[in-house]
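Peer 1: Given the coordinates of chain Z, assemble chain Y onto it according to the supplied hints.
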Amino acid sequence: MVTTSIAVENVTVAYHDRVALYRASLAIRSGTICGLVGMNGAGKSTLLKAIMGFVRPLEGRVLVQGLPVGAAQKRNLIAYVPQAEEVDWQFPVTVFDVVMMGRYGRMNWLRLPSKVDYTLVQTALTEVEMGKLQDRPIAELSGGQRKRAFLARALAQQAQIFLLDEPFAAVDITTEKLIIDRLLQLRQAGHTVLVSTHDLSSIKTFCDQVVLINRSILAYGDVETVFTPENLCRTFGNHFCQYQEGK
Amino acid sequence: MFWQWLTAPWQYEFMVRAILLSVVVGLVCGALSCYMVLRGWALMGDAISHAVLPGVILAHVLNLPLALGAFVFGVGSVLTIGFVESQTRIKEDTVIGIVFTGFFALGLVLLSKVKSTIDLTHILFGNVLGISNTDIYQTVISSVVTLTILFLRQRDFLLFCFDPTHARSIGINTNLFHYLLLSLLSLTAVAGLQAVGIILVVAMLITPGATAYLLTDRFDRMLGLAMGLGAAAAIVGNYVSFYLDVATGGCIVLVQTLLFGLAVFFAPKHGILARKFWAKIDL
Chain Z
33 MVTTSIAVEN VTVAYHDRVA LYRASLAIRS GTICGLVGMN GAGKSTLLKA IMGFVRPLEG
93 RVLVQGLPVG AAQKRNLIAY VPQAEEVDWQ FPVTVFDVVM MGRYGRMNWL RLPSKVDYTL
153 VQTALTEVEM GKLQDRPIAE LSGGQRKRAF LARALAQQAQ IFLLDEPFAA VDITTEKLII
213 DRLLQLRQAG HTVLVSTHDL SSIKTFCDQV VLINRSILAY GDVETVFTPE NLCRTFGNHF
273 CQYQEGK
Chain Y
109 MFWQWLTAPW QYEFMVRAIL LSVVVGLVCG ALSCYMVLRG WALMGDAISH AVLPGVILAH
169 VLNLPLALGA FVFGVGSVLT IGFVESQTRI KEDTVIGIVF TGFFALGLVL LSKVKSTIDL
229 THILFGNVLG ISNTDIYQTV ISSVVTLTIL FLRQRDFLLF CFDPTHARSI GINTNLFHYL
289 LLSLLSLTAV AGLQAVGIIL VVAMLITPGA TAYLLTDRFD RMLGLAMGLG AAAAIVGNYV
349 SFYLDVATGG CIVLVQTLLF GLAVFFAPKH GILARKFWAK IDL
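Top to bottom, those sequences are chains Z and Y.
Quick note on numbering: the first sequence equals residues 33 to 279 in our numbering.
Quick note on numbering: the second sequence equals residues 109 to 391 in our numbering.
No lab work stands behind these hints: they were computed from the structure.
Each residue gets a CB set at the ideal place from its N, CA and C atoms; glycine is no exception.
Incorrect hints may have been included.
[Claimed, not checked] Listed next, with one range per pair, are the computed distances between beta-carbon atoms:
| # | chain 1 | residue 1 | chain 2 | residue 2 | range |
| --- | --- | --- | --- | --- | --- |
| 1 | Z | Thr151 | Y | Ile389 | 31 to 41 angstroms |
| 2 | Y | Gly369 | Z | Thr206 | 25 to 35 angstroms |
| 3 | Y | Ser194 | Z | Gly102 | 47 to 57 angstroms |
| 4 | Z | Ser174 | Y | Leu114 | 31 to 41 angstroms |
| 5 | Z | Glu118 | Y | Glu200 | 16 to 26 angstroms |
[Stated by the list, open to error] Simulated crosslink set (DMTMM-like; lysine to aspartate or glutamate; CA at most 20 angstroms straight-line):
| # | chain 1 | residue 1 | chain 2 | residue 2 |
| --- | --- | --- | --- | --- |
| 6 | Y | Lys377 | Z | Glu172 |
| 7 | Z | Lys106 | Y | Asp353 |
| 8 | Y | Lys199 | Z | Asp49 |
| 9 | Y | Lys388 | Z | Glu172 |
| 10 | Y | Lys384 | Z | Glu172 |
| 11 | Z | Lys147 | Z | Glu159 |
| 12 | Z | Lys164 | Z | Asp204 |
| 13 | Y | Lys377 | Z | Asp167 |
[Unchecked claim] Derived, one-sided and incomplete: chain Z residues facing chain Y with beta-carbon distance under 7 angstroms:
| # | residue |
| --- | --- |
| 14 | Gln105 |
| 15 | Lys106 |
| 16 | Pro114 |
| 17 | Val125 |
| 18 | Phe128 |
| 19 | Met133 |
| 20 | Pro169 |
| 21 | Leu173 |
| 22 | Gly175 |
Chain Z with its partners taken away, still in its complex shape (with noise of 0.2 angstroms):
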């Protein structure tokens, strides 16, 4: 049976005057790593926050396993991977205090982490290979290091969706390829994955899906007919198909 994990209808979002996104429209498969390709401000983070319920949409709505985004978040059924920027990472806590965020929903509220959460805690460490580094400031973590310890703190929630804001940006190989990885256990595992993206070269190695966005969703299906030069070169403009016919 398919069933459909993130559902967006018809979704308008503008930050004042200007509308980010134009009647986006998605049914995102439970089981599946779906890619969300566009270029800088074609509103990729836009899409997410739209799904997250961060940004308040002009028209349409999200639904995430049927349910709206409130209800799916009190539920712990989306960990959401921010881009590194968007914290501050002077801030005093360790990596071990990070990932235990993760596990926040699903403790009482006084947040005593129970001996299920350490464990857990743990395997999501030794999964993102950070368990040597889980004393240390994050202050001293490098880029791909934060990437890292995101992803951990994701996966420490145990949650059924997860949703990523380029997680490959700025990161070495040996990470970006970690962090594929950890995506395709996850799928493996029956869980939703979207993952936003500027490297188009690992796309149809993980993504069994893709989403093409300039504004609007351009192209959105299976990687195999939806991801060709004349799309692409739909989503990115002229420069783009320029490169590629010389190519």
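Peer 2: Chain Y only, in chain Z's frame:
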């Protein structure tokens, strides 16, 4: 000799009250200052501590707890700031500057109407040596309430300051913690007002946290250090004030500033000297 020096202030009841009250205020302001510093709310702390003035005066006139009046006007100023900022093109720091000076001016005008009962200098510069029993009870109660809430919800406040986006994504109501923190700030501003006066409260609400932030990379240690620094500065400030016969509030804040200055230069990892030292080693 030294023992005598140390115990002499405790023979006066007004000194005992002054020291105990300023220690309580030092502890609660110290705890709150960590969140102010990490959230980047220094200006907001300044604004709220000034904006509570009309509330304090009205509460005094109506014979209500001062904390209640301060709470209403503190939160009122924050709501006003948020409203103007969201509805106009004016930037936040401008709005804060306008709103808090406006509230403060309203306070001054009200004060001139009820001059006979409240002394302006006590409000502006603190009056810890002549504080009444009622004021002590109110301060202790609001401090205990604030510290209890801060400690019970410590992790939520920390997450709210560090990564509000993640907090929202796991279903935490960040608006609640935003206004809860601002409410605690209003309550604490009144407590601090009685110790060091309205003008210097903001120092109590940011300096200990900033000093502690230079000294450690762990939040729980930062919290402990800031509270310790707040309390220590309260004690030392009272002694200095007692022996040199100078303003108590000023002394407490000066000690805090001095400690911050020391940390700027000598903090083990984030101090200027340590940075120079490590830069050399790296070469």
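Peer 1: Next step is simple, just say for each hint if it's right about the structure.
Peer 2: Now the hints, each set against the structure:
1. Between Z/Thr151 and Y/Ile389 the beta carbons are some 39 angstroms apart, a value that agrees with the proposed interval 31 to 41 angstroms.
2. With their beta carbons about 44 angstroms apart, Y/Gly369 and Z/Thr206 fall outside the hinted range of 25 to 35 angstroms.
3. Between Y/Ser194 and Z/Gly102 the beta carbons are some 21 angstroms apart, a value that contradicts the proposed interval 47 to 57 angstroms.
4. For Z/Ser174 paired with Y/Leu114, a C-beta distance near 51 angstroms fails the hint of 31 to 41 angstroms.
5. Between Z/Glu118 and Y/Glu200 the beta carbon distance is about 19 angstroms. The supplied range of 16 to 26 angstroms therefore holds.
6. For the hint linking Y/Lys377 to Z/Glu172, the alpha-carbon distance of about 12 angstroms falls within 20 angstroms, and the restraint holds.
7. A threshold of 20 angstroms between alpha carbons decides the hint, and for Z/Lys106 with Y/Asp353 the separation of about 58 angstroms lies outside it, so the pair is violated.
8. A hinted pair counts as satisfied when its Cα atoms are at most 20 angstroms apart, and Y/Lys199 with Z/Asp49 qualifies at roughly 18 angstroms.
9. Taking the CA atoms of Y/Lys388 and Z/Glu172, the gap is about 19 angstroms. The hint holds against a cut of 20 angstroms.
10. A threshold of 20 angstroms between alpha carbons decides the hint, and for Y/Lys384 with Z/Glu172 the separation of about 18 angstroms falls inside it, so the pair holds.
11. Pair hint Z/Lys147 plus Z/Glu159 holds up; C-alpha atoms about 18 angstroms apart against a cutoff of 20 angstroms.
12. For a cut-off of 20 angstroms, the pair hint linking Z/Lys164 to Z/Asp204 stands: about 19 angstroms separates their Cα positions.
13. Our distance criterion of 20 angstroms between C-alpha atoms is met by Y/Lys377 and Z/Asp167, whose separation comes to about 16 angstroms.
14. Annotation: interface hint on Z/Gln105 holds; nearest CB of chain Y at approximately 4 angstroms, less than 7 angstroms.
15. At a threshold of 7 angstroms, the smallest CB-CB gap from Z/Lys106 to chain Y is about 4 angstroms, leaving the interface hint in force.
16. Nearest Cβ of chain Y to the Cβ of Z/Pro114: about 5 angstroms, under the 7 angstroms cut. The hint holds.
17. Satisfaction of the interface hint for Z/Val125 is found here, the shortest Cβ-Cβ separation to chain Y being roughly 6 angstroms, below the 7 angstroms cut-off.
18. Because the smallest distance between the Cβ of Z/Phe128 and any Cβ of chain Y comes to about 11 angstroms, over 7 angstroms, the interface hint for this residue is violated.
19. Given the 7 angstroms rule on beta carbons, the hint for Z/Met133 holds: about 5 angstroms separates it from the nearest Cβ of chain Y.
20. For the restraint placing Z/Pro169 at the interface with chain Y, the shortest Cβ-Cβ distance is roughly 4 angstroms, inside the 7 angstroms limit, so the hint holds.
21. Given hint, Z/Leu173 at the interface with chain Y, is violated; its Cβ is 12 angstroms from that chain's nearest Cβ, farther than 7 angstroms.
22. Taken as an interface hint, Z/Gly175 does not check out: its beta carbon lies about 17 angstroms from the nearest beta carbon of chain Y, beyond 7 angstroms.
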